[in-house]
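**Student:** Let the hints inform the model, and build the full structure from the sequences given.
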Amino acid sequence: MLCIHNLYVSVAGSEILKGLSLEIRAGEVHALMGPNGSGKSTLASVLAGREGYQVRADRLEFCGENLLDMAPEERAHKGLFLAFQYPVEIPGISNIQFLRSAYNSLRKYRGEDPLDAVDFMAMVNERLRQVAIDPAFLQRPVNAGFSGGEKKRNEILQMLVLEPQLAILDETDSGLDIDALRIVSDGINSLRSETQAILLVTHYQRLLNYVKPDRVHILANGHIALSGGPELALTLEEKGYGWLAEEAQPQAGS
Amino acid sequence: MNAFVLRDFESHLGRLGAVPANGGQLGAFRQRAYRELLAQGLPTVKTEDWKYTHLRDLLVQPFAEPDGGEPLAIPQCDAEHLLVMVNGHFDAGLSRIQGLPAKVAVTALGELLGGEAVPGTLGDIAVHHRHPFAALNSAMFDDGLLIDLAPGVILERPLVVFWLTCGRQPTMLHPRLLVRLGEGAQLTLVEQHLGGQRHHLVNKVAEFSVGAGAGLEHLQLQQTGEVRLINGCHVRCGRDSSYRAQNFDLGGQLVRNDLMISLAAAGADVCADGLFLTAGGEQVDNHVRVDHLAPHCHSRVFYKGLLGESGHAVFNGKLIVHPDAQKTDARQVNHNLLLSPQVDINTKPELEIYADDVQCSHGCTTGELDPDQLFYLRARGIAKSRARKLLVEAFAGEMLDRLAVPLEMIESRLQRALTHLMNGDRREDP
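Residue numbers (this note's numbering), protein chains in the order written: chain R, 1 to 254; chain D, 1 to 430.
One or more of the hints may lead you astray.
So the derived list for chain D, only partly shown, Cβ under 7 angstroms to chain R, looks like this [to be verified]:
| no. | residue |
| --- | --- |
| 1 | 293 |
| 2 | 295 |
| 3 | 375 |
| 4 | 376 |
| 5 | 378 |
| 6 | 380 |
| 7 | 381 |
| 8 | 397 |
| 9 | 398 |
| 10 | 400 |
| 11 | 404 |
Keep in mind that the hints were calculated from the coordinates and are not lab data.
A virtual CB, placed ideally from N, CA and C, is assigned to each residue, including glycine.
**Tutor:** In structure tokens:
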């Protein structure tokens, strides 16, 4: 589904990703971990199409198509979703207007008629319950004045409404209390299927107690320094990222 | 005044026509205004308050007598109370005033002028020596409207006034409006200044006397096409009165709004909102001056500007707290959104405080659409053009949300103007 081979990304002349390779197949959940500043969020942003990066790669494909040829909205239409680390506040646009515009843009791309307000509300109400969000929340401006936890749950709500093929969750677990973490995790798990894939970008192992990954990768020095099963996250939790510098360096050049 | 300015001024003034010869009270009023005009001259680019408004081009063209030859487009309007002014004259056939209660008196000023009478308050609020165009209007006006609300009268439904300008040859018009609200009276006045295809110059002066405890909701909409509008609006607020202005500038070759508000007695409460759109070489100037003359008054000025390609806008907010105006609470804000790099905006908030126990603030921002907001919308599948439109509508929508009375006629005009502004914004995707 996602195929990255030798990805180089720089911003304002400084190189952040240096030959990163990663492959994610349908049905898989991958976790991308790494110390602060290792480039995890840069990777997530580049995949979603944020401007301002110099990007080159041998291959950067989503469902067999070159991502670099696609505008952010086209990536979304084809089923790529980024849950933002810092969801953006948009005063003046209500949450429901935003959700419906996004959902109907997707339907339009698929050649389907837009869903009317009543049918759309029925669908959204079901998703609202899943993430324990008060319906009054929909009338408020997008993320404006939301608490950190509300913003993250709002990202999950959007994900559940848009039902992406590949969901990239950029530190969605950070700043959540234990109840919110459980709600967010349940939301993520409900997206797991044979045809969908998830990339969890996280700094901590905590989320992985709730969402079991198939593969864990550690990003360091601009590339995947180490990959393994779920046990790799536990090792990290125990030994910290300092251990990585000693263990992973010899493999980096191989 | 130096000789150069005087010569320049007199050559302009010759084109503007002769002061009508009247006797009596009216004749004396005109002569006084004319002397005040001569004493200061018409403003030039060297006049601080007018330095961004290019009058020379407006004033050098010859003006003809109004001919009414151009067919008039009458906007659809289902308002219960409607006054239609054509070239500054009340048109009874197009107006609907049957439903007005007896204590709301609407008079064509022209009727009073025949008797060479000047209604009380006329010329008291528009300060001639500071506003040469108000002095010019006083010297030249030949008709207009007088709206009187007796004390305690509450007009439930909005009173809508259309100011229409037409004629085959460019003319200069001096329409006049005087609104007097007695103690405790309440009025919602919706004025729409609508233009045409010719370079008419409309020098309108409106004066509002808001009596003690009275409330005036005042909406103005300007969409003046090729017509140039100099729109002087002078307001005096009495004790514990409330004046709320909402001003929509949706386009026009040149629109210059002077909104001059005096909080003349304690407890007055003023809110002035504005939204201006400009593009395609058009210019809109908003000058808002709030004079706090008395203690315990409250004022809010909140203007937003949307500038498309080759749009030119001026915002000048002046807040003056006079020595007696202790316990003043005053704020003014101006936010501008630029939709193109080819725009020209001059924004200047000014604060003068001569009292020591006050709360005052001012601020302005000018910038482009937020790239983070744009990316967020696009990352959810909303196409770039649609995302831009949503964000622009959100910026403007705040002003509709603040409308005291939701008015479909203003909302639909604003929607169309926004669509036009967005479509005219031809900046290509990077």
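**Student:** Grab the minimum C-beta distance from residue 293 of chain D to chain R and call the hint holds if it beats 7 angstroms, violated otherwise.
**Tutor:** violated, 35 angstroms
**Student:** With chain R as the partner, please determine if residue 397 of chain D meets the hint condition of a C-beta pair closer than 7 angstroms.
**Tutor:** holds, 5 angstroms
**Student:** Identify whether the interface hint at residue 381 of chain D stands, where standing means a beta carbon of chain R within less than 7 angstroms of its own.
**Tutor:** Interface hint status for residue 381 of chain D: holds (4 angstroms vs cutoff 7 angstroms).
**Student:** Let me know if the C-beta of residue 380 of chain D comes in closer than 7 angstroms to any C-beta of chain R, holds or violated.
**Tutor:** Cβ of residue 380 of chain D sits 4 angstroms from chain R, so the hint holds.
**Student:** Should the interface hint for residue 375 of chain D be scored as holding, given a Cβ-Cβ cut-off of 7 angstroms against chain R?
**Tutor:** holds, 6 angstroms
**Student:** Using the nearest Cβ pair, does residue 404 of chain D come within less than 7 angstroms of chain R?
**Tutor:** violated, 19 angstroms
**Student:** Would the stated hint for residue 398 of chain D survive a check requiring a Cβ distance to chain R of less than 7 angstroms?
**Tutor:** Since chain R brings a Cβ to about 6 angstroms from residue 398 of chain D, closer than 7 angstroms, the hint holds.
**Student:** Restraint: residue 400 of chain D near chain R, CB-CB cut 7 angstroms. Satisfied or not?
**Tutor:** Residue 400 of chain D check fails; min Cβ-Cβ to chain R is 10 angstroms, beyond 7 angstroms.
**Student:** Is the hint on residue 295 of chain D kept, meaning its closest Cβ partner in chain R is under 7 angstroms away?
**Tutor:** violated, 35 angstroms
**Student:** So, residue 378 of chain D near chain R? Judge it on the closest CB pair being under 7 angstroms.
**Tutor:** holds, 4 angstroms
**Student:** Closer than 7 angstroms between Cβ atoms is the bar; does residue 376 of chain D clear it against chain R? Give me holds or violated.
**Tutor:** It holds, given that the least Cβ distance between residue 376 of chain D and chain R is near 4 angstroms, below 7 angstroms.
Of the numbered hints listed earlier, those contradicted by the structure are 1, 2, 10, 11.
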